[in-house]
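> Each chain is listed here by its residues.
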Amino acid sequence: MILKNNLKEVRQKKGLTQEELGTNVGVSRQTIISIERYRYKPSLELAMKIAEKLNVKIEKLFFFE
Amino acid sequence: MALSKKEISILIEIVFSIVFAFIFLPYFYENQDNNLILMDDLIGKIIEILIFTVIYFSVAYSLLEFVFKKKETKDERDDMINSKSYKLGYLLYEFSLFIFIGYICSKFQNKELLNLTGNQELYNGFNLTDVGIVFLILMLLAFTSIVKSLYQFYLYRTV
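Taken in sequence, the protein lines are chains A and B.
For the first sequence, position 12 (counting from the first letter as 1) is numbered 12 according to my numbering, and the numbering increases by one without interruption.
For the second sequence, position 83 (counting from the first letter as 1) is numbered 148 according to my numbering, and the numbering increases by one without interruption.
Fair warning: there could be bad hints in the mix.
Stated by the list, open to error - The calculated EDC-like cross-link candidates involving lysine to aspartate or glutamate, where the alpha carbons are at most 16 Å apart (straight line), are:
(1) B:Lys71 - B:Glu159
(2) A:Lys41 - B:Asp98
(3) A:Lys41 - B:Glu141
(4) B:Lys136 - A:Glu20
(5) B:Lys139 - A:Glu19
Since the hints were made in silico from the structure, they are not lab data.
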């Protein structure tokens with residue numbers, strides 16, 4: 001099982017750039033890029049912050065495949 | 066290949082370690098047969114190293130700040146990359162120290178054996194002075210620092 005996410009789709013739907021989302025949740029743009037490319041698995045705290053900022057449930061954003 | 070501010074600051078550290086190894090390590094290598102108190106201008110060399118280090122990092126980081134005016138956020142990904150790379154550097158240094166201690170022990174043991182055989186020429190060839198030890202420790206530090214920074218750079222590019 002691989003932890004995947006649809007962060008890129010949700011972020012684009014909300015009209016946010018990687019830079020803006022990163023600034024809103026207190027991380028760098030590179031970190032958002034790494035999460036979107038499945039290179040980096042965020043901590044629970046960061047995942048919850050992102051989900052809250054994008055106004056979606058965390059299980060809709062991050063899921064196992 | 067576009068590099069971020071963090072990646073460039075790692076490259077600055079790598080370049081410093083390489084320059085240090087090429088400029089200052091030969092001085093300790095050439096004086097391996099001496100004792101620290103008998104070395105030519107040791108205090109001068111230490112001052113030279115300190116001045117070089119301060120100037121190098123001041124100029125390099127000032128240029129970096131000038132080029133990348135925006136302050137970069139330090140987050141959990143940076144912490145993860147740093148902990149991984151420092152762990153590797155620490156393990157490597159620890160492993161090298163074990164080899165180094167083994168090397169010193171074997172050298173002293175061999176020296177005693179040579180003393181027993183009465184071969185004065187070989188006996189005199191087995192010298193390990195305090196400068197020799199300082200040289201080996203500095204070499205280990207430079208080596209582990211370069212490996213650690215290269216791994217850190219690799220992680221920044223791939224994670």
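> For every hint, state whether the structure bears it out.
Now the hints, each set against the structure:
For the suggested pair lysine 71 of chain B and glutamate 159 of chain B, the alpha carbons sit about 27 Å apart, so the restraint of at most 16 Å is broken. The hinted pair formed by lysine 41 of chain A and aspartate 98 of chain B fails the criterion: a straight-line CA distance of about 53 Å is larger than 16 Å. The suggested pairing of lysine 41 of chain A with glutamate 141 of chain B holds, with an alpha-carbon distance near 10 Å, which does not exceed 16 Å. Proposed proximity of lysine 136 of chain B and glutamate 20 of chain A is supported: the alpha carbons are some 15 Å apart, at most 16 Å.
The hinted pair formed by lysine 139 of chain B and glutamate 19 of chain A meets the criterion: a straight-line CA distance of about 14 Å does not exceed 16 Å.
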